[in-house]
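Q: Residues per chain are reported as follows:
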Amino acid sequence: MNVAILGCGGMGRLHAQMASNCGLRITVCADKVAAAATALAKDFDAKAMNDPMAAVKAKNVDIVVITTPTPTHKNLVKAAAAAGKHIFCEKPFGRTVAECKQSIAAAEKAGVKLFVGHVVRYFQEFEEMRRQMESGAIGKPGWIKMFRGGIFPGTPGSWFRDYAQSGGVTLDSMIHDLDWLRYAFGEPERLFCQALRRKEPVQLDYSQVTLRMENGMIATVIGTWAHPTGFRVKVEICGESGMIEFDSNEAPFSAQAREAAAGPSMIVPSNPVSVSPYQLEWEDFLGWIRGESMPRVCPEDGLRAVMIAEAALKSARLRQPVNL
Amino acid sequence: MVKIGIMSFAHLHADSYAACVQAIPEASLAAIWDDNARRGRAKAKELETPFIGNLDKFLASDLDAVIVTSENTKHRGLVEAAAAAGKWVLCEKPLAPTLEDARAMVSACRKAGVGLGTAFPCRYALPIVEAKAKLDSGEFGEVYAVSCTNHGKAPGGWFADDELSGGGATMDHTVHVVDLLRWMLDREFTRVYCELGNQLHQKTLKTDDLGSLHLEMKGGVQVGHLASWSRPDCYPTWGDVTLEFICEGGVINVDAFNQKVTLYDGKAGRVNWVPWGDDANLALIRDFVEAVREKREPTIDGVDGLHATAVTLAAYESFRSGAAVKL
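As given, the protein sequences belong to chains A and B, one line each in that order.
With the numbering used here, the residue at position 38 of the first sequence is 33, and numbering never jumps.
With the numbering used here, the residue at position 158 of the second sequence is 191, and numbering never jumps.
Among these hints, one or two may not hold up.
[What the hints assert, rightly or not] Pairwise CB distance ranges (calculated):
no., chain 1, residue 1, chain 2, residue 2, range
1, A, Glu209, B, Gly174, 35 to 45 angstroms
2, A, Cys293, B, Arg220, 45 to 55 angstroms
3, A, Glu184, B, Asp266, 29 to 39 angstroms
4, A, Ala250, B, Thr237, 42 to 52 angstroms
5, B, Asp169, A, Arg227, 23 to 33 angstroms
6, B, Glu281, A, Ser269, 37 to 47 angstroms
By construction, these hints were calculated from the structure, which means they are not laboratory data.
C-beta: ideal position from N, C-alpha, C; glycine also.
All chains should be modelled from the sequences, with the hints used to inform the complete structure.
A: Have a look at this one:
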């Protein structure tokens, strides 16, 4: 099968590699920024195009990967579905619930497979935490705290920095944890959110959310684009007879350059795994396309995650809890 | 010599305060009273101090000051009695389980002309002091958001009995952090929302064991706070007090009691974090002793205790009403 990458930034490149690892051919790389399309196309021996909407219709394409800015997802999904292509859409599924609904309807109508990249469901450390809970090691879980984030993404002028487009850290990044909460514990009943969403004098976002799950659990989720450097994920799950902790800072490998020409060096920690969770989600997606299995993430999951993030942003605006 | 009496050993902190009093050369542990005579006598023996079982006699003695470490709901009666007897008072936190009690205690001490302190030792933890200095320097500019935790193990006993404690983990573990932020950021809380849970101890507790709070301070500072008795018995320490400050110029992280060595105890078959930092309790008691000598209010006074209680009670009210509550 042949793959078109729409949006040739960091995630586009990553998914091109994963699809390629799965034995797929990258035939088209499209990006409004010509240099980005050309660079990725060159590395994967694909055709570069400047118009993602035109690339959707290319004949030698079976699967379309959407790694463009969030508000463009819906129209690309609709066009790809209309052209009969299977779709891998990066999270967040859409900027609004209404957009997600349109995307789902389009894929259903066309009979194509639509996968949303909630990759945390495939992360080995998250799977291990689920296994431990399921084994009963900590008894019934009553509370979970999740932390994710670091530096504000995107350079000045990037769509990430326009809250109207990206939804800030709550919609773009915390959505991973909001999705995983549903995956591990079921539906939330209500939530409360505080979100910074500052632009001046420095741009930073810091989101603090408490959810009450239908099963009674409390989830406290912190998303940060307010740290000066780095990226960190922390999870703490407390049960009736024990507790589970994960901290990405406790990495098994790190390398620190003595001095980089550009200035102070940054430590890059790493958690090496033989099969990347991004590749696992691709294998899952492909199994679904081949009719072998149902995927871990269905389009409805993508929609529900956006719905929770939207409710969080509403709560932050109202400064009151919101029922789901 | 400042003569200090301890009123009740119901609260675990009484032991630490007794040791601090005995460690300060200008102070002496002069007498112990306890409504549980058996417990009081045992402590008196251990600490080589007279036990006076009659409250009137205890307060009629030549004590200069008392430390009240009873169950929360008994604070008011004991503080009022001590104030009427002209003793300086240091009261364990939370100052009281109701605003009415807290106000009565503050006014009783004012009327009697004695000082009233609230035991918030965290202000004296040196990592906290250093964080405050960093904030005060202005180097990091404005503070926009804070995430705090105060976790612990379930203390059991009267702590988990509303009738004696007035509330569970959220009552126990919110006041410290509220007091710290009022002091560090020099502003008051304006709003609070709270989710409470009683779900980490097989429902054996009669109170909450978990609170997830969202607060606002004057100027719109957003604060998230987690109060819990979530640490399992096998956890290597009692719990924590942590704060993350998101500021204009950077981020400040404090883990107030994270000065430790890790001990792998082969005989006991467990891992312990053994603290080695300066003792915050000692600094708190030292200030109290100085306050008594100088006939002044303790640095952290009853009004501070009252404010912290007010915010905590508003959190409970928020949970009952299901809405954010204005302070």
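Q: Take the hints in turn and mark each one as holding or not.
A: Hints, one by one, checked against the model:
no. : hint                                    : verdict
1   : Glu209/A / Gly174/B: 35 to 45 angstroms : holds (42 angstroms)
2   : Cys293/A / Arg220/B: 45 to 55 angstroms : holds (47 angstroms)
3   : Glu184/A / Asp266/B: 29 to 39 angstroms : holds (31 angstroms)
4   : Ala250/A / Thr237/B: 42 to 52 angstroms : holds (48 angstroms)
5   : Asp169/B / Arg227/A: 23 to 33 angstroms : holds (27 angstroms)
6   : Glu281/B / Ser269/A: 37 to 47 angstroms : holds (43 angstroms)
Of the numbered hints listed earlier, not one is contradicted by the structure.
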